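Chains as they are written, first to last, in my numbering: chain R, 1 to 357; chain E, 1 to 357; chain W, 1 to 357; chain Z, 1 to 357.
Don't read these hints as lab results, they were simulated from the structure.
Since we're looking at a predicted model, the values are computed, not measured.
Warning: the hint list may mix true and false statements.
All copies of an identical chain are treated as equivalent in the list; a pair is satisfied when it fits inside any one copy or across any two copies.
To be verified - Using 20 Å as the maximum straight-line C-alpha spacing, the simulated SDA-like pairs for lysine to any residue come out as follows:
#1 Lys147 with Thr104
#2 Lys147 with Pro85
#3 Lys323 with Gln216
#4 Lys235 with Asp282
#5 Lys7 with Arg30
#6 Lys88 with Pro105
#7 Lys147 with Gly357
#8 Lys235 with Glu212
#9 Lys147 with Pro105
#10 Lys147 with His108
Number of protein chains: 4
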Amino acid sequence: MSEEIQKTMQAAVLHGVHDLRVEEVAAPGRPQPNEVRVQINTVGICGSDVHYWEHGRIGDFIVESPMVLGHECSGTVVEVGSAVPDLKPGDRVAIEPGVPRLSTPASHFYMKRGEYNLCPDIFFFATPPDHGAFCDYVNHPADFCFKLPDNVSLEEGAMIEPLSTGIYAARVAPIVTGDTVVITGAGPIGLMNLLAARAAGAANVVISDTVEERLQMARQIGATQTVRGDAAELKAAARELTNGRGADVGIEAAGHPSAINACIGAARAGATVVLIGMPPGDTAEININDLIVREVKLRPIFRYNNTFPTGVNLLASGRVDVKPLISKRFSLKETPEAFEYVVANRATCVKAVVDVG
Amino acid sequence: MSEEIQKTMQAAVLHGVHDLRVEEVAAPGRPQPNEVRVQINTVGICGSDVHYWEHGRIGDFIVESPMVLGHECSGTVVEVGSAVPDLKPGDRVAIEPGVPRLSTPASHFYMKRGEYNLCPDIFFFATPPDHGAFCDYVNHPADFCFKLPDNVSLEEGAMIEPLSTGIYAARVAPIVTGDTVVITGAGPIGLMNLLAARAAGAANVVISDTVEERLQMARQIGATQTVRGDAAELKAAARELTNGRGADVGIEAAGHPSAINACIGAARAGATVVLIGMPPGDTAEININDLIVREVKLRPIFRYNNTFPTGVNLLASGRVDVKPLISKRFSLKETPEAFEYVVANRATCVKAVVDVG
Amino acid sequence: MSEEIQKTMQAAVLHGVHDLRVEEVAAPGRPQPNEVRVQINTVGICGSDVHYWEHGRIGDFIVESPMVLGHECSGTVVEVGSAVPDLKPGDRVAIEPGVPRLSTPASHFYMKRGEYNLCPDIFFFATPPDHGAFCDYVNHPADFCFKLPDNVSLEEGAMIEPLSTGIYAARVAPIVTGDTVVITGAGPIGLMNLLAARAAGAANVVISDTVEERLQMARQIGATQTVRGDAAELKAAARELTNGRGADVGIEAAGHPSAINACIGAARAGATVVLIGMPPGDTAEININDLIVREVKLRPIFRYNNTFPTGVNLLASGRVDVKPLISKRFSLKETPEAFEYVVANRATCVKAVVDVG
Amino acid sequence: MSEEIQKTMQAAVLHGVHDLRVEEVAAPGRPQPNEVRVQINTVGICGSDVHYWEHGRIGDFIVESPMVLGHECSGTVVEVGSAVPDLKPGDRVAIEPGVPRLSTPASHFYMKRGEYNLCPDIFFFATPPDHGAFCDYVNHPADFCFKLPDNVSLEEGAMIEPLSTGIYAARVAPIVTGDTVVITGAGPIGLMNLLAARAAGAANVVISDTVEERLQMARQIGATQTVRGDAAELKAAARELTNGRGADVGIEAAGHPSAINACIGAARAGATVVLIGMPPGDTAEININDLIVREVKLRPIFRYNNTFPTGVNLLASGRVDVKPLISKRFSLKETPEAFEYVVANRATCVKAVVDVG
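Starting from the given sequences, assemble the full structure and let the hints guide the process.
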């Protein structure tokens, strides 16, 4: 490990709205004792990357200085810190992008309870001001890098991050064997949730969207029914599958107030509706009395925790196949074109990935 | 049990808005095999009784024909059905007013899961079209009548019903030992929740209201802090008690959209906010993105289940004292005056009760 | 429904140890208002049926007078009681054999909590003194009869009962997506648990037994690894799959003290071991300090609750295929031969069924 | 912080069986960035300290070189590391003695799930080979030091450690409001559990022991009933309080096989029995079939996690008063005499403490 390392590297840096440049930046130095240096292989393009590119911000998170994008990533370990117990150069890893900094009492509070995604000081790839992973190398804590077995490719490994939302939703809802699940929104998050819901044993998964191509993909990867219509149709579909009761679990992945209420309406009394999508405004007009008289619980989720080992197991065991969701591949140099492509093909492009390595 | 029983009895019957009459009605006949005949002793006046009296309806529940009001009740068993295993004439009981009819598949579904309050066909005293308990006698399933020990009075026993909301909220939140709890609304439901939260081990309970007299009562029965101000003040109070994090559990008992958001704002990341109060409209504008980025869960409750044995234990063991909340007593004949009194003294009258027996 | 019904029927009646006779017995009369009359189609032979046949008792349950055996059953509704809301003649149903009688306060206590399998007065087919289902007709509460969709056969429907143990184990453990599960014992119960564990999303299921034929069947229906060796080998297998930690969930279906400790030893710190098998004596020498220093929880299960709707969904959706476990078919007349066969072919006969209808 | 610090200090060091010496040892150096240097004030004597003193080992933990004893401790911060966000010199703190080292993948696995007490590489005061706290100074991670409010004394603060077992047991059981709890064993751990069970809302707590003085103390601090007799008497007491069902929660703090079975026998069907006491042998003969037919769950606990903030809240709010359990005080010099005293007065000495500061 005493040999020279590269001082600079290529990275896709967001300089402003619609201004994404692939340029030379400083490479990370030697890894800290608990870190590994990873040569990035694959990075998926997430809706949040695109949102920063289009708007320069997501809610209170504002890009105020040039920032490397990308957080759905995998790569190969090239150097390990002195205190890393289990990884070694050559290991292929999926990278969990959020790492609590543990610099405040609140951060320790949540870390110790196993809810580290709630740590207020969490580091997260490509969330301002933290740089992301569209680049050649990152140094990352070894315990947030998960070794991939031989039968899982690095490209699949990069998909564990978006799949994690679905794994987490299924765990906290929880989805139990034989459940009927409705999902509103068949974009990448909705589809990943569909895969995870099926893996968790859902017998029926009804998914709704306004775009037929997405529903077609949903059927291809396991949706038992798709709904292109409005809330009433979704509710009717859920009831028909459940002896008139409604869905056991709802997953809201569309991020529109009307979708939230549609998801609530399709859920049975006593059900849990997982909220993932954030509506454009800060608020939404919710059918609150309907929630109360039927005890429909709202369970918002923010990212995830403890999902990567599960993700590795699901891919390795073949219980989840993410490959059909990878729509298009680009090189690191082509990252700006990749963003253009994603925006121009929202209906058909589920997941575009950048092959860095 | 073969002797004659009274054919008629006195009851307080709602004939229309502001038209409550104490009059002679048919008394119930012989109890069914699984029922007991109870001579009513005490019935509390609930906000919902008052609401029917003032508006003739609550949401979709409409009083379409004359209906006996009252559902917070206790009494003495005077006759037992042939299949009743454990009660006998002379037993003093608290009466759980909601009994699933089990006439539909959905009702069986919820009953078997222990969520019988969600049975769509549940019978409930004084919810149209079911008659209530401001009367001399009711026949009721024995397993929904809970024997009071000698050290619990019938008047206290009638308070188990409103206390049940608090017991249920504390159980499902859940409130755990040492928690900091905020309650919005210090009316009867908020105060009962305060008692139940303290009994469940809450170390701090902050309660907010706009009426000083209610906050004074709250302090008297165990609130560790009261807030008369707005959402910002409630949030500040919760944070001060929790090293800056916010409350572990929120209980919304005010039924106003602003109170719901105030309760959410005072809760810490990862907390649960129990929704009890139903806002006047069907909907409320919720700070949904704040819910999501902090994973604040909304747990609506509709009535309760499995709370009466707990209520009996809490009163018998002295862990909860409901007596300070009984503000005023009336006879059955005075029931209409009691309703007038409650409305005229909302600030100071927590719970008015009718002594029937 | 006013036409005559048959007064007698054929049934397989246990008169004493090894004395099972197919004979004419009284048929049930008209169904009660909440009941349906079911013409039995298929009944599986359970280990407990065989145990009564071989020993005349199971623990404190003693066959003291002639008793019809059989409780894994399905059939066709031929008449419905007056208060049955959703079933009609011709419906094909799986029958849940345990129905709480609700004759005692304790029975109501558990029923209301959704733990009706713990009701002390539960009726259960072929548990003395309750008659079972190796016969032409039974009258049964409609809410314990579950309609089968067209794509599920009556033979498959009869398998929901033994599958229920697995569904229940997976729910209470709980097994979550991606888990590694060990099962000790690959008899019918162990194999049904294997199917249910896979349906619940287990990534790896390691199952152990001493009989190679059973392990072969286990591999055929989804075991990812089988172990014929001792506790050390099982532990090593579990650790290899879990980065050295051990299994997330253990399911003990062998009913031997050594298997219980083997299951505990293969489980990781913090895991839950579900106990199903009852060892021959009343007690077992447990490695209690190993339980404590690693916080391995023991979760015994007795039968199941709320599993039949799940079972129907699992079969209808194709998530579980029970057909490979049906080893042999007999007619009602051949029931005694069927018992002889089961005992003579324990290694290879997973589930023998009697085609009654 | 640049001034000189003391190079040596006094400590009570165990050199061998019955060989505890108060002597000069090296003092800790400057605290690491995340640590605070704490001047120890009070250290309670735990049964495990006494066990090491009497036997030189507890199970597989063997004292192989001189070791400072003591882990129930509090003190005053005298220096803070550079990265400590919230503590400052002069702060009075309770010290959580177990800190995961996070040196292995398994340790990260449990830490991230909030079960850090299961980390295999956890540092723990006075568990070989880690030194304890009968000494003047320790350096300790700041996030495992909990600031005491003004109304909680350092002596009380030292009691949070033994109280933690009770807080943890109540949380994981869980004990819910109104529960009936049985505790076997009224030694220090049983009594701390009694306090915690009451704080968690238990309506009835029945505690058993063979020593009358301990039961007298139990009644003084909140036991609603005490039992000096055998298992049958404990079971009868639990049933009488619960309408014949048995206790909702059992806590086994005696560490004898017969007490484990007594605790199981006194628990109702569906109850949880928390196992704390470790029997002298590695195993215990458990009534396993009784566990199964009544679904009594065994929930072993090893130390605790996330209990110190709760402990601080319970003492600060006055919900728990640990002062009656402090039986006797000694100086650091007198530590060997303190151990002699504890052993000679097991019946009456609940908790002896060493005033170091």
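Evaluated hints:
no. : hint               : result
1   : Lys147 with Thr104 : between (30 Å within a copy, 14 Å between copies)
2   : Lys147 with Pro85  : within (13 Å within a copy, 34 Å between copies)
3   : Lys323 with Gln216 : within (16 Å within a copy, 32 Å between copies)
4   : Lys235 with Asp282 : between (26 Å within a copy, 19 Å between copies)
5   : Lys7 with Arg30    : within (10 Å within a copy, 35 Å between copies)
6   : Lys88 with Pro105  : between (33 Å within a copy, 13 Å between copies)
7   : Lys147 with Gly357 : within (17 Å within a copy, 49 Å between copies)
8   : Lys235 with Glu212 : within (19 Å within a copy, 45 Å between copies)
9   : Lys147 with Pro105 : between (31 Å within a copy, 11 Å between copies)
10  : Lys147 with His108 : between (26 Å within a copy, 14 Å between copies)
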